Amino acid sequence: MNIQPPNSSSIKSRFAVKFVQAMKRLSKRRGMGDRYKRYRATRAAARVSLAAAVGPERAWSRAVLRRIKKRRGLIGRTTTNPRRNLRGLVPGGKGMDYCSLLSETAHYITCLQAQVQVMQDMLHLSSP
Amino acid sequence: MSSRRSRSRHAGSSRITDDQINDLVSKLQQLLPEMHNRRSDKKSATKVLQETCNYIRSLHREVDDLSERLSELLENADTTQADLIRSLIMQ
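Which chain is which? The protein sequence lines are A and B, in order.
In the numbering used here, each number is its position in the first sequence, counted from 1, plus 51.
In the numbering used here, each number is its position in the second sequence, counted from 1, plus 6.
If you are wondering where the hints come from, they were derived from the structure by calculation, not from laboratory data.
Please read these numbers as outputs of a predicted model, since none were measured by experiment.
Cβ atoms here follow ideal geometry from the backbone N, Cα and C, with glycine treated the same way.
Just to be clear, a hint being listed does not mean it is correct.
Stated by the list, open to error - If the Cβ cut is set under 8 Å, some of the chain B residues that face chain A in the computed set are:
| no. | residue |
| --- | --- |
| 1 | L34 |
| 2 | T58 |
| 3 | V69 |
Build the full structure now, drawing on both the sequences and the hints.
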């Protein structure tokens, strides 16, 4: 089982590069006049860029990259079972054994934290 | 070697020890933000999972909010914006 913690700074820089490239592509795309579309596209770009920055070595990032074509149906039925809730929150969580779920969750959280930091930095850099 | 492999396939997680599970759970507890809890206190696994779920949800919400604000960069695809984004790549 892969228990390597992610290198936060390399995830951040890889994510930043991919995300900015994705935003650049989006800025050239037609149909971005709609505010909600812009938001959805940006959010999708952030999600995919993070998974791409991590690459195929983790189960959660593989799950995200596999689901690019599928519609995002993430909020399932509500449950009070914390383990089942976690499976619904971590990409690919439903197919994992408990041990892998815990390991993937830790990695996923660290990557989300890195993603938030980069996006906050970009926001501050881009405001006049 | 092959018998060990086939046994693990049948028995699923029997080769994973409780210690390994506890270790992974405590690693998760370390990742939780300190605000509402003292990370040094050992919590039940259920509590850690619950708080982990809450934390992931709040991180998702943060990414959503940041995405919305960053999406405004796409509003006017003029040269100013393109230069800005290009300059971010050059960091």
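How the hints compare with the structure:
Nearest Cβ of chain A to the Cβ of L34/B: about 6 Å, under the 8 Å cut. The hint holds. Here the hint on T58/B is kept, as its CB sits about 6 Å from the closest CB of chain A, short of 8 Å. A hinted interface residue such as V69/B counts as satisfied when its beta carbon comes closer than 8 Å to some beta carbon of chain A; here the least separation is about 6 Å, so the hint holds.
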